[in-house]
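Sequences are here, hints too, so could you generate the full structure?
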Amino acid sequence: MIPTNYYLILSAILFGLGVVAFIFRRNIITIFMSIELMLNAVNLAFVAFSQAWNHLSGQVFVLFVIVVAAAEAAVGLGIIILIQRNRQSLNVERVDLLKL
Amino acid sequence: MNVPLIVFFALAAIAVLGAVSLIWQKHPIHSALSLIVVMVALAGLYLLMGAEFVAAVQIIVYGGAIMVLFVFVIMLLNAGAEERTNFSSLAKFAGLPLAVALTGCLLAAVYGSHEQVQTAAQAGVTAPTKALSAQLFQEFVYPFELTSFLILVAIIGAMVLAQRDRKESHL
Numbered sequence: 001m002i003p004t005n006y007y008l009i010l011s012a013i014l015f016g017l018g019v020v021a022f023i024f025r026r027n028i029i030t031i032f033m034s035i036e037l038m039l040n041a042v043n044l045a046f047v048a049f050s051q052a053w054n055h056l057s058g059q060v061f062v063l064f065v066i067v068v069a070a071a072e073a074a075v076g077l078g079i080i081i082l083i084q085r086n087r088q089s090l091n092v093e094r095v096d097l098l099k100l
Numbered sequence: 001m002n003v004p005l006i007v008f009f010a011l012a013a014i015a016v017l018g019a020v021s022l023i024w025q026k027h028p029i030h031s032a033l034s035l036i037v038v039m040v041a042l043a044g045l046y047l048l049m050g051a052e053f054v055a056a057v058q059i060i061v062y063g064g065a066i067m068v069l070f071v072f073v074i075m076l077l078n079a080g081a082e083e084r085t086n087f088s089s090l091a092k093f094a095g096l097p098l099a100v101a102l103t104g105c106l107l108a109a110v111y112g113s114h115e116q117v118q119t120a121a122q123a124g125v126t127a128p129t130k131a132l133s134a135q136l137f138q139e140f141v142y143p144f145e146l147t148s149f150l151i152l153v154a155i156i157g158a159m160v161l162a163q164r165d166r167k168e169s170h171l
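Protein sequences appear in the order of chains W and B. Quick note on numbering: the first sequence equals residues 1 to 100 in my numbering. Quick note on numbering: the second sequence equals residues 1 to 171 in my numbering.
Don't read these hints as lab results, they were simulated from the structure. Any given hint could turn out to be false.
Estimated spans, in silico, between C-beta atoms of each pair [claimed, not checked]:
#1 B:105 <-> W:82: 34 to 40 Å
#2 W:57 <-> B:101: 26 to 32 Å
#3 B:81 <-> W:35: 20 to 26 Å
To spell it out: a stretch of chain B is covered by chain W in this simulated footprint if at least three of its residues, at any positions, have a beta carbon under 8 Å from a beta carbon of chain W; those stretches are [said to hold, decoys possible]:
#4 27-39
#5 63-76
Small disclaimer: the values here were computed from a predicted structure and weren't measured. Don't be surprised by glycine CBs; every beta carbon is placed ideally from N, CA and C.
Given below as structure tokens:
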């Protein structure tokens, strides 16, 4: 018997760590992985609520989130390959064409 | 202290350590392996909650397919250790306080939530996959069909983006 808010606290911590990784890392692939970490944290909260309210819709949403994450990974990694090809760098701070 | 609670804390510790390792490692391949550890630990938590189908999908799609895609791209681009640059002082000074504030807001929302939410026990009953599939293919059948269209668009988009010989590609 584990209270729901244990899962929610873990989800919040994982989300915060994902945000920290998103802000502090410079490699675009790692930044992309931190987005996946945040999506995973949200999935954990979805499943926890689904079990707490005894309602299966939360788990269906998790499946949809996973599908969207897969599509996002395919398109995003294509974009990363293009960036590497055009700028010869994976550092996001070297992709600054729009910066004043 | 009963057994499910111990399992929960062990898996939660593994997940948090994996996430910290994702931040800490300098090389993207090490970050990717840390992320796989987090995903497997989360799949264990789903099993603990009785969401067995979601746990299986988590392992197969996230830990398998998506992370293999990441590792493949890291190897394809021969990504080395991260280059440390500090062009953005905003991220350096305001990043950590804002991230901590966001996490604090989320934790405060959890503590301030309805009493029933906080104390609702995870009984660990297995959500039958049969009921889940009935819900997916009856109530959510139109969103489900839309996701197949989304995947089709993503496949075409990835193929167009990764085309090699395009003359006008100026990013």
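Hints versus structure:
no.	hint	verdict
1	B:105 <-> W:82: 34 to 40 Å	holds, 36 Å
2	W:57 <-> B:101: 26 to 32 Å	holds, 31 Å
3	B:81 <-> W:35: 20 to 26 Å	holds, 21 Å
4	27-39	holds (count 6)
5	63-76	holds (count 7)
Taken one by one, the earlier hints all hold for this structure without exception.
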